[in-house]
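Use the sequences and the hints to build the structure in full.
Residue numbers (my numbering), protein chains in the order written: chain A, 258 to 509; chain B, 15 to 238.
Please keep in mind that the hints were generated in silico from the structure rather than gathered at the bench. Watch out, some of these pointers could steer you wrong.
[As the list claims (entries may be wrong)] A few chain B positions that, by computed beta-carbon distances, are all more than 10 angstroms from chain A:
(1) 32
(2) 75
(3) 110
(4) 129
(5) 223
(6) 237
[Claimed, not checked] Taking lysine-lysine pairs in the DSS-like style, the calculated list, with each CA pair at most 25 angstroms apart, reads:
(7) A:504 <-> B:204
(8) A:409 <-> B:204
(9) B:116 <-> A:268
(10) B:127 <-> A:278
(11) B:116 <-> A:273
(12) A:410 <-> B:204
(13) B:116 <-> A:367
(14) A:354 <-> B:100
(15) A:287 <-> A:268
(16) A:278 <-> B:116
(17) B:204 <-> A:367
(18) A:367 <-> B:127
(19) A:268 <-> A:367
(20) A:454 <-> B:100
(21) A:262 <-> A:354
(22) B:117 <-> A:268
(23) B:100 <-> A:367
(24) B:116 <-> A:354
Owing to the predicted nature of the structure, the values given are computational and were not obtained by experimental measurement. Built from N, CA and C at the ideal position, the CB exists for glycine as well.
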Amino acid sequence: MSTKKIDLTVKIWRQKNSNDKGRLETYTVKEVSTDSSFLEMLDLVNENLILEGKEPVAFDHDCREGICGMCGSVVNGEAHGPEAGTTLCQLHMRHFKNGETLVIEPWRAKAFPVLRDLVVDRSAFDRIISAGGYVSMNVGGAPDGNAIPVPKKTADLSMDAASCIGCGACVAACPNASAMLFVSAKVSQLALLPQGKAEGSARAKNMVEKMDEEGFGNCTNIGECEAACPKEINLTNIARLNREFFKSTLSE
Amino acid sequence: MDQTTKLSFANSFFGRSIGKKQLMAVTGLVLYGFLIGHLTGNTLLFKGAEKFNAYAEFLQSLGGLLVLVRVVLLVCFVVHIFLGIKLTRENRDARPIRYQVKKDASNTSFASKTMIYTGIILLIFIVVHLFNFTLLIPKGEGFNTFEMVAGLFSFPAYVVYYVFSMLVLGLHISHGLQSAFQTFGWNTPKFMPCIKNLSSVLGIVIAVGYISLPIFMFINHGGH
Ligand code: HEM
Ligand code: SF4
Ligand code: FES
Chain A
258 MSTKKIDLTV KIWRQKNSND KGRLETYTVK EVSTDSSFLE MLDLVNENLI
308 LEGKEPVAFD HDCREGICGM CGSVVNGEAH GPEAGTTLCQ LHMRHFKNGE
358 TLVIEPWRAK AFPVLRDLVV DRSAFDRIIS AGGYVSMNVG GAPDGNAIPV
408 PKKTADLSMD AASCIGCGAC VAACPNASAM LFVSAKVSQL ALLPQGKAEG
458 SARAKNMVEK MDEEGFGNCT NIGECEAACP KEINLTNIAR LNREFFKSTL
508 SE
Chain B
15 MDQTTKLSFA NSFFGRSIGK KQLMAVTGLV LYGFLIGHLT GNTLLFKGAE
65 KFNAYAEFLQ SLGGLLVLVR VVLLVCFVVH IFLGIKLTRE NRDARPIRYQ
115 VKKDASNTSF ASKTMIYTGI ILLIFIVVHL FNFTLLIPKG EGFNTFEMVA
165 GLFSFPAYVV YYVFSMLVLG LHISHGLQSA FQTFGWNTPK FMPCIKNLSS
215 VLGIVIAVGY ISLPIFMFIN HGGH
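This is the structure in structure tokens:
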């Protein structure tokens with residue numbers, strides 16, 4: 258594929274701090290290589306802003322290879338942009354057309370307050386994990402883990418759930434700002450394995466309680482989360498969470 | 015079980031988002047069951063006045079049982095509607111600042127995103143329906159239920175309004191049934207596509223079934 262250069266108009270959410278009202282501001286960015294990533298395009302916007310003596314746009318990022326879960330914005334109404342199963346850092350500019358206008362907004366949810374520009378506070382996810390997203394007994398090293406046979410299919414399902422990177426796109430895309438896909442992935446990855454089953458009941462109950470407390474919405478089984486998830490976490494995880502929750506309220 | 019654990023069960027289940035949803039799903043399914051029974055009985059309208067009136071009298075003769083069924087349905091309605099409105103309000107609060115641009119994913123259904131609107135249209139329909147067919151009608155010895163139904167369905171505007179409401183019902187339950195399965199956690203990759211199809215097909219069948227009644231009555235017994 259030959260490298261092309263495209264010019265874009267970007268409307269980016271600018272907000273000084275969590276008390277500022279914020280607004281969309283329009284910039285033009287020229288000669289963006291179609292081989293570059295979305296974040297590299299934002300870098301270019303920032304270089305221009307710095308040259309003009311203006312504040313660069315704050316946005317989260319770390320690995321830039323789709324595994325850390327730091328990046329993410331809503332691009333033209335789609336969390337992580339238009340490509341399915343792709344984080345913003347892995348989104349190439351070749352998916353955009355010359356002259357296109359992009360509206361770039363932060364994740365919007367009461368539980369994810371905007372800190373600055375496109376950066377939101379996702380510590381609500383950390384607090385949900387602290388409420389039960391772990392195994393508290395010593396399960397030994399890799400050889401000990403392998404001493405308990407787990408069917409390949411079950412192990413695969415657990416690994417699929419474990420691929421959640423905690424980016425928050427599911428919350429951003431959900432019309433109800435519900436965190437059910439994230440919580441269900443974190444409950445499922447453990448609930449499926451023998452080491453995780455022991456505390457399964459308390460886990461589902463406590464994590465759901467925390468999720469509600471943090472102000473996320475209720476799931477209405479729409480499916481926007483699954484469509485937006487860069488790791489393609491499946492809705493069947495939410496069904497598993499629903500089962501686990503029901504069991505836990507009966508037994509705990 | 016002492017008082018505190020009882021309270022904590024109620025709180026830890028019904029106080030949680032998933033608990034509320036599961037209660038919503040149970041009540042929805044009870045109402046769904048009623049829809050099927052009600053439609054089955056009412057198809058006797060096709061058989062004419064005698065059969066239909068006999069059915070109406072049979073229902074009245076159930077006495078205590080009829081009262082019980084009505085109470086259960088009323089409780090389910092109230093709980094379902096109360097929770098539907100409560101959940102919707104909580105969901106609105108969960109996103110105080112909306113997106114300036116929002117694009118819906120192509121694989122999500124219209125029905126799933128309009129549950130509160132279709133629900134409210136149904137609520138209005140049900141209240142009007144109860145006043146028209148059940149509450150304001152003095153039903154004594156020899157009351158001709160068939161004539162009453164024929165009378166109501168002789169107004170074209172009423173037929174149109176009824177048909178519209180039943181289309182809305184079809185939308186609500188076409189998402190509702192499969193959604194309830196997901197809410198209970200009865201979702202496996204093999205089984206769910208089948209439930210989704212069943213949910214859509216049953217939604218259409220029930221809506222068409224209910225729509226056929228006023229149209230049949232209007233054409234055959236509308237006095238035209
Ligand atoms: C014949 C009447 C009705 C039937 C058969 C019915 C059935 C259902 C079913 C099966 C569900 C799915 C529950 C779930 O996802 O777990 C549902 C959801 C819902 N219903 Fe109804 N319903 C009826 C009337 C109403 C009315 C009158 C309202 C008025 C507010 C309403 C509002 C809702 C809402 C908002 C939801 C979505 C709730 C959620 O997903 O969290 N419904 N309904
Ligand atoms: S479930 Fe998907 S969208 Fe949600 S936090 Fe995990 S990786 Fe991100
Ligand atoms: S920067 Fe790590 S996933 Fe995008």
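Verification of the supplied hints:
With 10 angstroms as the threshold on Cβ separation, the claim that residue 32 of chain B sits away from chain A is violated: the shortest Cβ distance comes to roughly 5 angstroms. Residue-level check passed: residue 75 of chain B sits 40 angstroms from the nearest beta carbon of chain A, beyond 10 angstroms. Not every CB of chain A is more than 10 angstroms from the CB of residue 110 of chain B (nearest about 6 angstroms), against its label as outside the interface. Residue placement check: residue 129 of chain B does not keep its beta carbon more than 10 angstroms from all beta carbons of chain A (closest about 6 angstroms).
The claim that residue 223 of chain B is not at the interface with chain A holds, since no C-beta of that chain comes within 10 angstroms of its own (minimum 25 angstroms). No beta-carbon of chain A comes within 10 angstroms of the beta-carbon of residue 237 of chain B; the shortest separation is about 45 angstroms. With a C-alpha separation of about 23 angstroms, the suggested pair residue 504 of chain A and residue 204 of chain B falls inside the 25 angstroms cut-off, and the hint holds. Restraint check for residue 409 of chain A and residue 204 of chain B: the C-alpha separation of about 18 angstroms stays at or below 25 angstroms, so the hint holds.
Proximity of residue 116 of chain B to residue 268 of chain A is assessed by CA-CA distance (about 14 angstroms); at most 25 angstroms being required, the pair is judged to hold. With a C-alpha separation of about 29 angstroms, the suggested pair residue 127 of chain B and residue 278 of chain A falls outside the 25 angstroms cut-off, and the hint is violated. A distance of roughly 23 angstroms separates the Cα atoms of residue 116 of chain B and residue 273 of chain A; the hinted pair therefore holds under the 25 angstroms criterion. Between residue 410 of chain A and residue 204 of chain B the alpha-carbon distance is near 14 angstroms, which keeps this suggested pair within the 25 angstroms criterion.
For a cut-off of 25 angstroms, the pair hint linking residue 116 of chain B to residue 367 of chain A stands: about 17 angstroms separates their Cα positions. With a C-alpha separation of about 43 angstroms, the suggested pair residue 354 of chain A and residue 100 of chain B falls outside the 25 angstroms cut-off, and the hint is violated. With a C-alpha separation of about 14 angstroms, the suggested pairing of residue 287 of chain A with residue 268 of chain A holds against the 25 angstroms cut-off. Note on residue 278 of chain A and residue 116 of chain B: the hinted pairing holds, with a Cα-Cα distance of about 20 angstroms set against a maximum of 25 angstroms.
Distance hint between residue 204 of chain B and residue 367 of chain A is unfulfilled; the C-alpha atoms sit about 36 angstroms from each other, more than 25 angstroms. Restraint check for residue 367 of chain A and residue 127 of chain B: the C-alpha separation of about 20 angstroms stays at or below 25 angstroms, so the hint holds. With a C-alpha separation of about 23 angstroms, the suggested pairing of residue 268 of chain A with residue 367 of chain A holds against the 25 angstroms cut-off. Distance hint between residue 454 of chain A and residue 100 of chain B is unfulfilled; the C-alpha atoms sit about 33 angstroms from each other, more than 25 angstroms.
In summary, the hint linking residue 262 of chain A to residue 354 of chain A is supported, as the alpha carbons are separated by about 10 angstroms, within the 25 angstroms threshold. For the hint pairing residue 117 of chain B with residue 268 of chain A, the CA-to-CA distance comes to about 16 angstroms; that is within 25 angstroms, so the pair holds. Of the supplied pair hints, the one linking residue 100 of chain B and residue 367 of chain A holds, its CA atoms being roughly 17 angstroms apart against a limit of 25 angstroms. Of the pairs offered as hints, the one joining residue 116 of chain B and residue 354 of chain A holds, with about 19 angstroms between alpha carbons and a cut-off of 25 angstroms not exceeded.
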